[in-house]
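Participant: Now for the letters of each chain:
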Amino acid sequence: MRMRNLATLALAACAIGVAAARAAEDNQAFEKIERGRYLAVLGDCVGCHTAPGGKPFAGGAALETPFGALVGPNITPDVATGIGAWSESDLWRAMHEGIARTGARLYPAMPYPAYTKVTREDVSAIWAYLRTLEPVHNEVQPNQLAFPFNVRRPATSTWDLINFKPGVFQSDPAKSDVWNRGAYLVEGLGHCGTCHTPKNITGGDRSGEALQGALLQDWYAPDLTADLRTGIGNWSTEDIVRYLKTGANSFDIASGPMAEAVENSTSHMTDADLLAIATYLKDRAPRSAKTAIALAHDDPRMVAGKAIYEDRCAACHISSGAGVPTLFPRLAQAPLVQSTDPTSLIRVVLIGSRAAATSAAPTAPAMPSFGWNLSDTEIADVLTYVRNTWGNAASAVQSTDVTTLRGRVSR
Amino acid sequence: MTRKLPATDVVIVGLGWTGSILALELTGAGLNVVAIERGPWRDTATDFPPAYAQDELRYRIRHDLFLRPEQLTMTFRNNADQTALPIRSWGSFMPPNGVGGGGVHWNAETWRFLPSDFELRTHLVGRYGEKFLPEDMTIQDWGITYDDLEPHYDKFEYLCGTSGKAGNIKGRIQAGGNPFEGARSREYPTPPQKQPYGPTLFAQAAREMGYKPFPQPSGNLSQAYTNPLGVTIGPCTYCGFCEWFGCGNYSKASPQTTILPALIRRPNFEARTQCEVSKINLDKSGKRATGVTYVDTSGNEWEQPADLVLLCAFQLFNVHLLLHSGIGKPYDPRAGEGVIGRNYSYQVTSSVDAFFDDKIFNPFIASGSIGMCIDEFNGDNFDHGPHGFVGGGYMGAVQTNGRPIQTARTPQATPRWGAEWKKAVAKSYLSSYEAVTHGGCYSYRDVYLDLDPTYTDRFGRKLMRLTFDFHENELKMSTYLTDRLAEVVQKMGPRQLDKHPRRGHYDVTVYQTTHTCGGAIMGVEPKTSALNRYLQSWDVPNLFVMGATAFPQNPGYNPTDTVGALAYWAADAIVNHYLKSPGPLVQI
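Order-wise, the sequence lines are chains Y and A.
Terminal number for the first sequence in my numbering: 1236, no gaps in between.
Terminal number for the second sequence in my numbering: 627, no gaps in between.
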């Protein structure tokens, strides 16, 4: 009898064409798990949830915020230390509303203000994928903030009232499907604004300034608007795709946190998704129409900087500032070089930096440290020269800024 | 106590050029590869960045990149009647150490050998008769031909991005290249480097004399190049800090700038640095290698079992490991029997110094391998009949450096120190020029490597003993080459010209080249060679030995291009033949 009922049910299901839908919801379906894996790559989950040398997704390295350190928790299906006891709706709530299974508010280091835009279907696929991971027993203390920030956040927090609007991405019917896919990725799983959008005093995104460039972890995440001087206005969609896919194009080479984003995430994206991202980014208004005027070449800082540049920098970056594509970043008319905030420039001169390595561009050249043999004033002068030569124009770098950053990065 | 590690498919001893090439090819074939390297990991930006790469005191004088003799050295004597003593400070050659090996500190002169070089004995006996060769000369054919190696030369040059001008493409002589070279399948990957004033004048003089000068092939690149592995090499800046130095600009071909970035991405590759292999282990039969034993920096001893052992260390240390591990019959010069240590060879260099009143050469505009050369007097490119010697070398104006501490050329008869010396150095720095010959060195019965009876290393192993002196054939050759070179230089119009042919006994304390060769040579039969034509040990078929160790004698060129080509040749044999049916690749 029971058998018969089941058979009848199954038959009925087939008859009304629900079987396909049911298969799609099967969390064991390869296609769904594989899609979830790809979505987890798009979201670069592994970036925060994996420690250097540690098992993937079993808990991350400390993310330094102005309020203290936060550590990406263990999201493998381990019951005791991971999310083994969670349900799919727990994950949905965390990603969509920023509320943990315990009912506590997550800290926005988990980019739920962006992930809230991810569709339920995509979250479900990510969930299916995360369930297939090997459970890893690894106790992580995510909250390492200083008092008072370490106090558990209530489900309804003032921060979220100011900074957070839950809601799945709504496509713009006036735009193409490619544009909308790009917007969905940039604003949602890609969470580009987490680094590239300036933050207000509470750490939330400044409204109206999306992707205009921001400082975090002593790096300046550059302007991604179409600004010709500081943004990507001169990059073609192909340039953007190449940068995200390989870590390098004729303008720039990814380094620092972006190198990680390229290695973990963007270099594994499909060409269609990269094109979508580029299409969306290219369509954004420039940051400002503000022009800058280059410092006079006979300014004493420029004269001193030029001498240092010729001695120390020109061997790789070339006297013309042209660099060598995919090896030594171009400095002439390079957006990052002309950023409002020179932190990244000061940083790489002080302590060096290694470029991203990808299968397509494995070289991973590195900028050596010059902090040991250039003084703060010399670093300020050479960067002032670089920021105001070959058609570049940007504010002079102050030696006090170099002193401050030197103190921070050499701690 | 030796701790045994889990077995791997392949263990590689030494991660220089050959170790990197083999690791790349064998990981590509799906094998798990562990490379064990005696020295440290070396990386451009942290070990020789532009901020201090050009430190002559640190790298040239204080040997920063080289093996410390207190870690491992060898003893030396000129002949068997002497008692050998340990080398306590490197002089005539510089044993490399660390990831990248000699590829880090070479000048990047990237030559192919002549087709006749590979069939040397057959060729010379055929042209001049057996009696023309000195009785104690033990030169041999290699067991392979230039044509066998051509695709592998090509592969290595396209890995490196070598800058040059072909002289012979598929049998057609090309204007501006070396007309004596063997046929290449295609042009060099990048054009030649720019020539400074000195080489330009030399080429002009050589052309007027009817010679065919051509740019020296260079691993310091004329322009940026991305190789088939996707790795990008930068353009050379002509700083002249190449030999003895790592390149700060990513512009000298080295494992670091061509292979390692691709290799380290492979999950089936692992490198263990600062681990010194002390022995290749054999099973009870003595015919199969079971892996290697190595010692880490804490003095802990580890055994790494492997199915295949690839000996990829520097030439001298390959031979030392074979001798110490009891692989192959050690060479006995009295009986003329045995193969390990047999046919050691070196290089015979000489120079001509020219002093001018009216010319400024700017020697600091330099690269380890820019220059204009002629090849009329290399190998058997000329009739040796009237001269009473065999062999030869290339010669030319190669502007490798004008480094401040050691560029102190003075005319002969200048005092060796004091005010007059200083005055002469200052006067000559810009206005003098040194041209060079790079002669071959053939092998002899009484030149060899064996274990020293007296001195031991820090593990208690016997040091290796080097018994070497120049022979009359090579000294005659050097005099002849130097005279020919001087004729060309004379045409450049110097005020004074000083010839420095190689004379007298070999001096191990004075730098000449790091081209030590032989000691476990390749050949056609186990009686006279340690390795078959695939660089596979005749005695232990799961052991392959790479590098200049396999050269039966040394032609008049720099060795690296051939070392790289042989590594690709052996890799091809391992992947396409050995792995399908492990065992001897040549039946005897």
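Quick caveat, the hints were computed from the structure, so don't treat them as lab data.
Model, not experiment: these values are computed from the prediction.
Some hints could be false.
Not everything, but these chain Y residues come out facing chain A in the computed CB check (under 8 Å) [stated by the list, open to error]: (1) A854; (2) F855; (3) G909; (4) W911; (5) P960; (6) H962; (7) R1137; (8) S1144; (9) A1147; (10) L1152; (11) F1153; (12) A1157; (13) A1186.
Derived Cβ-Cβ restraints for the label pairs, each shown as a range [claimed, not checked]: (14) A/D94 <-> Y/E889: 30 to 38 Å; (15) Y/E889 <-> A/E340: 52 to 60 Å; (16) A/D94 <-> Y/T1202: 20 to 28 Å; (17) A/P344 <-> Y/P881: 24 to 32 Å; (18) Y/P1125 <-> A/D546: 53 to 61 Å; (19) Y/E1135 <-> A/D94: 13 to 21 Å.
Think of the CB as a built atom: it goes at the ideal place given N, C-alpha and C, for glycine as much as any other residue.
Participant: Which of the listed hints are not met by the structure?
Facilitator: 1, 2, 3, 4, 5, 6, 8, 9, 12, 15
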